Amino acid sequence: MRPEPRWDAVLVHPGDDVATALRVIPAGTTARVQVGSGTRQCRVSDEIPFGHKFAVRELAAGQPVRKYGEVIGGATARVPAGALVHVHNLASRRARARPGENPGAAGASR
Amino acid sequence: MADDAATFLGYERPDGSYGVRNHVLVLSILGLTSASARRIARLVRGTRCVTTPYGRGLIGADADLHRRTLTGLGRHPNVAAVLVVGADRKAVDRVAGEIAASGKPVEALALDDVHEDALALTDRGVRACVPLARDASRLRRVPAPLAALFCGLECGHSDTTSGLVANPLAGLVVDRLVEAGGRAVFGETVEWLGAEHLLAGRAATPEVGQAIRAAVARREALAVAAGLDLTGNNPGAENIAGGLSTIEEKSLGGISKGGRAPIRGLLGFAEPPREPGLYVMDGPAFSPESMTGMVSAGAQLMLFTTGPGNSVVSGLAPTIKISANPQASHRLAEQIDFDASAAFLGQEGLPAAAGQLFRLVLEVASGGLTLGEILDEGEEVVTRLQPSL
Chain A
975 MRPEPRWDAV LVHPGDDVAT ALRVIPAGTT ARVQVGSGTR QCRVSDEIPF
1025 GHKFAVRELA AGQPVRKYGE VIGGATARVP AGALVHVHNL ASRRARARPG
1075 ENPGAAGASR
Chain B
-6 MADDAATFLG YERPDGSYGV RNHVLVLSIL GLTSASARRI ARLVRGTRCV
44 TTPYGRGLIG ADADLHRRTL TGLGRHPNVA AVLVVGADRK AVDRVAGEIA
94 ASGKPVEALA LDDVHEDALA LTDRGVRACV PLARDASRLR RVPAPLAALF
144 CGLECGHSDT TSGLVANPLA GLVVDRLVEA GGRAVFGETV EWLGAEHLLA
194 GRAATPEVGQ AIRAAVARRE ALAVAAGLDL TGNNPGAENI AGGLSTIEEK
244 SLGGISKGGR APIRGLLGFA EPPREPGLYV MDGPAFSPES MTGMVSAGAQ
294 LMLFTTGPGN SVVSGLAPTI KISANPQASH RLAEQIDFDA SAAFLGQEGL
344 PAAAGQLFRL VLEVASGGLT LGEILDEGEE VVTRLQPSL
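If you read the protein sequences in the order shown, they are chains A and B. Numbering of the first sequence is given in my numbering, commencing with residue 975 and proceeding in unit increments. Numbering of the second sequence is given in my numbering, commencing with residue -6 and proceeding in unit increments.
Each hint should be verified, as a subset may be incorrect.
[What the hints assert, rightly or not] Calculated from the model, a selection of chain A residues having no Cβ within reach of chain B, i.e. all distances over 12 Å: (1) Glu978; (2) Arg1017; (3) Arg1031; (4) Gln1037; (5) Lys1041; (6) Pro1054; (7) Asn1063.
[Claimed, not checked] Short, incomplete list of chain B residues facing chain A, as computed with Cβ under 10 Å: (8) Ser95; (9) Val183; (10) Ala214; (11) Ile233; (12) Ile240; (13) Gly300; (14) Ser304; (15) Gln340; (16) Pro344.
[Stated by the list, open to error] So the derived label-pair ranges between C-beta atoms look like this: (17) Ala1035/A with Leu2/B: 52 to 62 Å; (18) Arg211/B with Gly1043/A: 55 to 65 Å; (19) Ala1001/A with Ala28/B: 55 to 65 Å; (20) Pro46/B with Ala1034/A: 45 to 55 Å; (21) Gly339/B with Gly1002/A: 21 to 31 Å; (22) Gly360/B with Gly1002/A: 50 to 60 Å; (23) Leu362/B with Pro977/A: 21 to 31 Å; (24) Gly360/B with Pro1038/A: 45 to 55 Å; (25) Gly1010/A with Gly360/B: 36 to 46 Å.
Since the hints were derived computationally from the structure, they do not count as laboratory data. On a predicted model such as this, the values are computed, not experimentally measured, just so you know. Glycine included, each C-beta is placed from N, C-alpha and C at the ideal position.
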């Protein structure tokens, strides 16, 4: 038997938009989320697989999404609080050719 | 502090470096002699073999890269002596000469010498290796300062546990090593995308910061020019299954394996650091290639973080596998050298886990075998970039 984690999820940085699940969190339950030395509660609407993320607040489509206190991509749709955040509603903002731009120049122009 | 007095037991080399292993290296410098090199290494105890499918026809940067990588592997502190094999006398002499500058015994054999007879080359190679292996076996470990240790850092098959625990843990060990005057390096440039501002902010000089940003921009332009959507490629399928969604998320978790020390320089692939401290290497993200770049640069030991597991290790540098994923650490008892899941589960603080990992590093540096070594995994992958002539 493996011991259980002390929290259901962790918010790496207090300003983050997403928390990471430390265990499978069933849909419709209230997760105990570690934030620094404290804990906060968050209602989860989807089942969150081990190691996956959920929104701790509502995210608008196109909004930058933060983890580690840094931007990890943009929301591709509106994400309600408590919903799973993964490749279906979060996209990288890097290494993407922009319409009308010479593909080879996108990175070099930064 | 106890760390200042920390030592490991290593093999002192003529150039002043210390090996944590004592291999005789059979080094085939081109594809024509790979089979002979493998036969020689199979027949002589204490040898490791490095081969490359390429050799002639390499041009420009590739020719330099090829030679720098092979020379670096030959000069490596974990190598006591080298047998260089190749096709023509001139080429083997050139590589052997560059390796011999480090002061270690080097022999060189060419297919030219044996009228293109690969079996005759094997026979001569075995006979040349016998005294090298006998002499190497008579070397003894001596106490070496922690400052003599150069550690490479690698991620392979990351999941979110890597960024939360395994990488920060490796970072704490790196901080102690660098503080004691040692060296450390991490690479995989594409996995700095989205975190390059943090790396550049830690650069020891503005020039180093600019070099880091430029390296990332080059790698990003490569991905764009290749028409890649990085999601699905990097993070790859196994990363996505493990909860990583974007390259930015992977990068931000990945760079924590480099700890908090200032970044002293951006190294080219297989380029050795000249001074102590923490470095980044501009190189590919494919683990075997990435590790070979760091090993060629002289890293004697690798810290390899993984989420669900990854069995690849270096052939020359003992590779300590670290996972904080409770399922993987439990399931892969013969692969994961350091189970960091207690820290992931919140039952142990990261500093306590880092103390244990640091002791394991000293133990392995002093001769304790990693699981990859016990199972005889591992090889070096000499990378290349361009078409041949």
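Evaluation of the provided hints:
{"no.": "1", "hint": "Glu978", "in the structure": "violated, 7 Å"}
{"no.": "2", "hint": "Arg1017", "in the structure": "holds, 20 Å"}
{"no.": "3", "hint": "Arg1031", "in the structure": "holds, 17 Å"}
{"no.": "4", "hint": "Gln1037", "in the structure": "holds, 14 Å"}
{"no.": "5", "hint": "Lys1041", "in the structure": "violated, 6 Å"}
{"no.": "6", "hint": "Pro1054", "in the structure": "holds, 17 Å"}
{"no.": "7", "hint": "Asn1063", "in the structure": "violated, 9 Å"}
{"no.": "8", "hint": "Ser95", "in the structure": "violated, 38 Å"}
{"no.": "9", "hint": "Val183", "in the structure": "holds, 8 Å"}
{"no.": "10", "hint": "Ala214", "in the structure": "holds, 3 Å"}
{"no.": "11", "hint": "Ile233", "in the structure": "holds, 6 Å"}
{"no.": "12", "hint": "Ile240", "in the structure": "holds, 5 Å"}
{"no.": "13", "hint": "Gly300", "in the structure": "holds, 7 Å"}
{"no.": "14", "hint": "Ser304", "in the structure": "violated, 20 Å"}
{"no.": "15", "hint": "Gln340", "in the structure": "holds, 6 Å"}
{"no.": "16", "hint": "Pro344", "in the structure": "violated, 15 Å"}
{"no.": "17", "hint": "Ala1035/A with Leu2/B: 52 to 62 Å", "in the structure": "holds, 59 Å"}
{"no.": "18", "hint": "Arg211/B with Gly1043/A: 55 to 65 Å", "in the structure": "violated, 27 Å"}
{"no.": "19", "hint": "Ala1001/A with Ala28/B: 55 to 65 Å", "in the structure": "holds, 57 Å"}
{"no.": "20", "hint": "Pro46/B with Ala1034/A: 45 to 55 Å", "in the structure": "holds, 51 Å"}
{"no.": "21", "hint": "Gly339/B with Gly1002/A: 21 to 31 Å", "in the structure": "holds, 24 Å"}
{"no.": "22", "hint": "Gly360/B with Gly1002/A: 50 to 60 Å", "in the structure": "holds, 54 Å"}
{"no.": "23", "hint": "Leu362/B with Pro977/A: 21 to 31 Å", "in the structure": "holds, 29 Å"}
{"no.": "24", "hint": "Gly360/B with Pro1038/A: 45 to 55 Å", "in the structure": "holds, 49 Å"}
{"no.": "25", "hint": "Gly1010/A with Gly360/B: 36 to 46 Å", "in the structure": "holds, 41 Å"}
Checked against the numbered hints given earlier, the structure breaks hints 1, 5, 7, 8, 14, 16, 18 and satisfies all the rest.
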